[in-house]
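Visitor: Work out the full structure: start from the sequences and follow the hints.
Residues per chain, in single letters:
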Amino acid sequence: MLDLGYDVLSARQFDRDDLTRLTKVAEALEPVARGEVVCRALEGAVMANLFFEPSTRTRISFGTAFSRLGGTVLDTSGLETTAIVKGESLYDTARVVSGYADVIVVRHPTPEAARIIAGGALVPVINGGDGEAEHPTQALTDFFTISKELKASGRTIDGATIVILGDLRYGRTTHSLIALMSVFEGLTFHLVSPEALSMPDQYADIARNRGHQVKVFRTLDEGLAGADVVYATRYQSERFQIDPQVREAAERLRLDAASFRRHAPEHAVILHPLPRDEVFGELSTDLDGLPNLAIFRQTDNGVPVRMALFALILGVADTLTDHFREPTWPLRRRRANP
Amino acid sequence: MLDLGYDVLSARQFDRDDLTRLTKVAEALEPVARGEVVCRALEGAVMANLFFEPSTRTRISFGTAFSRLGGTVLDTSGLETTAIVKGESLYDTARVVSGYADVIVVRHPTPEAARIIAGGALVPVINGGDGEAEHPTQALTDFFTISKELKASGRTIDGATIVILGDLRYGRTTHSLIALMSVFEGLTFHLVSPEALSMPDQYADIARNRGHQVKVFRTLDEGLAGADVVYATRYQSERFQIDPQVREAAERLRLDAASFRRHAPEHAVILHPLPRDEVFGELSTDLDGLPNLAIFRQTDNGVPVRMALFALILGVADTLTDHFREPTWPLRRRRANP
Amino acid sequence: MLDLGYDVLSARQFDRDDLTRLTKVAEALEPVARGEVVCRALEGAVMANLFFEPSTRTRISFGTAFSRLGGTVLDTSGLETTAIVKGESLYDTARVVSGYADVIVVRHPTPEAARIIAGGALVPVINGGDGEAEHPTQALTDFFTISKELKASGRTIDGATIVILGDLRYGRTTHSLIALMSVFEGLTFHLVSPEALSMPDQYADIARNRGHQVKVFRTLDEGLAGADVVYATRYQSERFQIDPQVREAAERLRLDAASFRRHAPEHAVILHPLPRDEVFGELSTDLDGLPNLAIFRQTDNGVPVRMALFALILGVADTLTDHFREPTWPLRRRRANP
Numbered sequence: 001m002l003d004l005g006y007d008v009l010s011a012r013q014f015d016r017d018d019l020t021r022l023t024k025v026a027e028a029l030e031p032v033a034r035g036e037v038v039c040r041a042l043e044g045a046v047m048a049n050l051f052f053e054p055s056t057r058t059r060i061s062f063g064t065a066f067s068r069l070g071g072t073v074l075d076t077s078g079l080e081t082t083a084i085v086k087g088e089s090l091y092d093t094a095r096v097v098s099g100y101a102d103v104i105v106v107r108h109p110t111p112e113a114a115r116i117i118a119g120g121a122l123v124p125v126i127n128g129g130d131g132e133a134e135h136p137t138q139a140l141t142d143f144f145t146i147s148k149e150l151k152a153s154g155r156t157i158d159g160a161t162i163v164i165l166g167d168l169r170y171g172r173t174t175h176s177l178i179a180l181m182s183v184f185e186g187l188t189f190h191l192v193s194p195e196a197l198s199m200p201d202q203y204a205d206i207a208r209n210r211g212h213q214v215k216v217f218r219t220l221d222e223g224l225a226g227a228d229v230v231y232a233t234r235y236q237s238e239r240f241q242i243d244p245q246v247r248e249a250a251e252r253l254r255l256d257a258a259s260f261r262r263h264a265p266e267h268a269v270i271l272h273p274l275p276r277d278e279v280f281g282e283l284s285t286d287l288d289g290l291p292n293l294a295i296f297r298q299t300d301n302g303v304p305v306r307m308a309l310f311a312l313i314l315g316v317a318d319t320l321t322d323h324f325r326e327p328t329w330p331l332r333r334r335r336a337n338p
Numbered sequence: 001m002l003d004l005g006y007d008v009l010s011a012r013q014f015d016r017d018d019l020t021r022l023t024k025v026a027e028a029l030e031p032v033a034r035g036e037v038v039c040r041a042l043e044g045a046v047m048a049n050l051f052f053e054p055s056t057r058t059r060i061s062f063g064t065a066f067s068r069l070g071g072t073v074l075d076t077s078g079l080e081t082t083a084i085v086k087g088e089s090l091y092d093t094a095r096v097v098s099g100y101a102d103v104i105v106v107r108h109p110t111p112e113a114a115r116i117i118a119g120g121a122l123v124p125v126i127n128g129g130d131g132e133a134e135h136p137t138q139a140l141t142d143f144f145t146i147s148k149e150l151k152a153s154g155r156t157i158d159g160a161t162i163v164i165l166g167d168l169r170y171g172r173t174t175h176s177l178i179a180l181m182s183v184f185e186g187l188t189f190h191l192v193s194p195e196a197l198s199m200p201d202q203y204a205d206i207a208r209n210r211g212h213q214v215k216v217f218r219t220l221d222e223g224l225a226g227a228d229v230v231y232a233t234r235y236q237s238e239r240f241q242i243d244p245q246v247r248e249a250a251e252r253l254r255l256d257a258a259s260f261r262r263h264a265p266e267h268a269v270i271l272h273p274l275p276r277d278e279v280f281g282e283l284s285t286d287l288d289g290l291p292n293l294a295i296f297r298q299t300d301n302g303v304p305v306r307m308a309l310f311a312l313i314l315g316v317a318d319t320l321t322d323h324f325r326e327p328t329w330p331l332r333r334r335r336a337n338p
Numbered sequence: 001m002l003d004l005g006y007d008v009l010s011a012r013q014f015d016r017d018d019l020t021r022l023t024k025v026a027e028a029l030e031p032v033a034r035g036e037v038v039c040r041a042l043e044g045a046v047m048a049n050l051f052f053e054p055s056t057r058t059r060i061s062f063g064t065a066f067s068r069l070g071g072t073v074l075d076t077s078g079l080e081t082t083a084i085v086k087g088e089s090l091y092d093t094a095r096v097v098s099g100y101a102d103v104i105v106v107r108h109p110t111p112e113a114a115r116i117i118a119g120g121a122l123v124p125v126i127n128g129g130d131g132e133a134e135h136p137t138q139a140l141t142d143f144f145t146i147s148k149e150l151k152a153s154g155r156t157i158d159g160a161t162i163v164i165l166g167d168l169r170y171g172r173t174t175h176s177l178i179a180l181m182s183v184f185e186g187l188t189f190h191l192v193s194p195e196a197l198s199m200p201d202q203y204a205d206i207a208r209n210r211g212h213q214v215k216v217f218r219t220l221d222e223g224l225a226g227a228d229v230v231y232a233t234r235y236q237s238e239r240f241q242i243d244p245q246v247r248e249a250a251e252r253l254r255l256d257a258a259s260f261r262r263h264a265p266e267h268a269v270i271l272h273p274l275p276r277d278e279v280f281g282e283l284s285t286d287l288d289g290l291p292n293l294a295i296f297r298q299t300d301n302g303v304p305v306r307m308a309l310f311a312l313i314l315g316v317a318d319t320l321t322d323h324f325r326e327p328t329w330p331l332r333r334r335r336a337n338p
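Protein chains in written order, with our numbering: chain P, 1 to 338; chain A, 1 to 338; chain D, 1 to 338.
Treat the hints with care, as some may be off.
One copy or any two copies: either way a pair holds, since identical chains are not told apart in the list.
[To be verified] SDA-like mimics (lysine to any residue), calculated; alpha carbons at most 25 Å apart, straight line:
#1 K148 <-> G120
#2 K148 <-> F324
#3 K151 <-> T20
#4 K24 <-> P327
#5 K215 <-> E278
#6 K151 <-> S89
#7 K24 <-> D158
#8 K215 <-> G131
Rather than coming from a laboratory, the hints here were simulated on the basis of the structure.
Guide: Structural data, given as structure tokens:
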């Protein structure tokens, strides 16, 4: 159960009750995330953003989340060039940094690095992505978005059809997604990818073992049929240089407004963990006008979800609204979402 | 007109009334910029400092300005090595970051990048320099400094003689300066540079078309005569390697205490957008003792000017003084300006 | 004496009364450093963390310290690639940054750089390490730790035996340590190193001239005898590539649980400025279970010591407790130190 002092290391540690609780706290924090309400519940608290590889998006999403709760963020990007090259162990780094901060967010290129750091730190650790292994806060953001988007059209996650499209072999967010969503009931997953980039069985089996339907497709027309959610991902272009056949297969799976309208139900919601590759175009910019495209609502959701995690593990989730107040700066300033 | 939700993309978007209003707000904020008064008007607000090329000075000037108003700054330097290399468009980056922040400052090597980012962002965007095109907040700081320095000696901008000295071809701050100052009346501009580094006609014509006098000189004795303001700029040394004749011409235009005293009026004020190149010496350090040298007052002014912009576009300019309070830390601590 | 607006440039500027005063303030701030008490005494103040070389640990220790006092930190790492390459002098950089901040922390690869920066800045400057010359805040942290650890076992610094072990030639923290500790009375220093890495006489003589005993050893059995404190340091591995004999000598001086138990008194305290090199193992991880190993308490101590410096030079040391309040986030969250 999510609680005081908890580490967030894997998407698999959350059960359905956790997700319900997280959703409730994240929803309460949405006005704070948008700057419509000021909340200084964590004033005086310090978060260390411990980044061993560059990742602007994730780093500042965590930074915004902690700042919007009133805390202070210490950024430690570029770590790979300092302590580490001097032969220091991850354990020592973790222990030292935990003397500076009340919570640590870590991003590391090596699988299991977050677990090692959690072993050394005296304070809670949140995994901000460790190599190909896990990226649990992305999975929680994806879950939160799916839940919210389906609710908006009167649907539920239970019984939904979720299409996962793109590089299902190396795309770690798809692995976490299928694992996390499997805590719900009666889902149908469509796995749509070039054959060489199929989802490894170990992940698909999580869904199968929980009684969900898992269907594999190689074309958009079959893959998109009946979709409630279409979750597209980026192809890592370096793989294409190795194999032009994979590239060709990937090109046939590009999603644009025409193919989406032709093959997907009118209510289907389109997600993508971003960045999307606008050169390759796995998710065409001609979708940008469609209300179905939820990719920017999805990235926006990353902030309240991460705020909720901080609030829960630092023990302020139950008293948050006591700290709510009007901002002193007006809020008419925002342009509407185009 | 400067107002809620406004983008600051170009020095040319400001009219004389804007400059008057900005000056008033910036003057009110000077004690806050110096740390003599604490103002937390933007507590809870988040600014994203979106830097696609390194620029410590501009980055921390914006950072100080936003922090001194009580807001939180998210630094995103090193962006060129993360999202961008993954094929993401500026539009997507802008839209995503605008979900994290209430205002975006952007620095980018490409002209018009700030405009593209403003097109994608849901929040106001301030151009912190986009390639050779624009650097409007530097121009506003230069204007504010000229206005203040002239006023201190009982002079006005209207009717003043402004000498612009150095690399007028590639020095974008000189282009913005002549455009911005041209909203005033009856100015005389002396453009003093090596011939190969003359100011392009498109910028000089802005002044001419507004009825100002524009005179071109190649020597200091003629160029400095009658100056109220001398605005010197750095030569980019890579140009000298291409052409030793340009270097020689630039050497003859070095300004030091002796040449300044010989050719310029006693009251003339010396500005420079900094950094000055102390190896080449276009603005000699032997001027450092003269009260005429306003270059450090100029860089100090960057903070209240940027604070004023934030206050205006986030809508707190009219209520700022409500938030003023004494600092809890004493202020005797500062050494006087040497 | 430590006072308003004072620069902290060298460990040698502190006398015994300074250390007593610093200790008192640092002790009062320990609960704030641990996040058990919130203190916003420096709200509205700005610190510039001016790093001309990468150093995550020192940078975020200073950052935490200033943040825990309520101030805002502007990080300026990567300076070497911006203003400096454009030919700007350290003096100009210092003067400019001092217009943005109320206090400057500087880290620079060149000896005396901190002094030059203090000459240009209008605000107090703290030396965060300038090349091989000085690292005074590390020395103060080491002193504070030794004082606290000895007190815990009913001992005093006066009369203690302090073993300094490792690379005493290039390890600047050992130079500052011997200089700083020499303000106490009747110490015995054991200098234990490979002959090629002996402490230069200029540093050992500081202790000798103050009447302390200085003994040089080449083996652990002699070196550790009678130790109250064992201060180990890292070997810079690049030196080993030049001379395999030095490596061999260093290997014989590795400290592990077995050699420590065999040669050192039961109450001896082990320090290390970190990072320790876990590949070479000058301080074995098999010591991690021993209560004698104080290296993580030592790094933790860096925060209250740096907070005390900020409080003293910004003039809030005497009123700190007026600003103390309960955090709104609970503190049960911390795991105990393993």
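Visitor: So, for every hint listed, does it hold in this structure?
Guide: Status of the hints after comparison with the structure:
In this assembly of identical chains, K148 and G120 lie within 25 Å of each other by CA distance solely across copies; the values are 24 Å between and 37 Å within a copy. Only within a single protomer do K148 and F324 lie at most 25 Å apart by alpha-carbon distance; the minimum there is 23 Å, versus 41 Å between protomers. With identical chains, the CA atoms of K151 and T20 are at most 25 Å apart within one copy only, with a shortest distance of 14 Å there and 51 Å across copies. Within a single copy, K24 and P327 get their C-alpha atoms as close as 23 Å, and across copies as close as 24 Å, so both meet the 25 Å cut-off.
In this assembly of identical chains, K215 and E278 lie within 25 Å of each other by CA distance neither inside one copy nor across copies; the values are 28 Å within and 49 Å between. With identical chains, the CA atoms of K151 and S89 are never at most 25 Å apart, being 46 Å at best within one copy and 30 Å at best between copies. In this homomeric assembly, K24 and D158 come within 25 Å of each other (Cα to Cα) only inside a single copy, at 18 Å, whereas the closest approach across copies is 59 Å. When the C-alpha separation of K215 and G131 is checked against a cutoff of 25 Å, the pair qualifies neither within a copy, at 27 Å, nor between copies, at 50 Å.
Of the hints listed earlier, those the structure fails to meet are numbers 5, 6, 8, in rising order.
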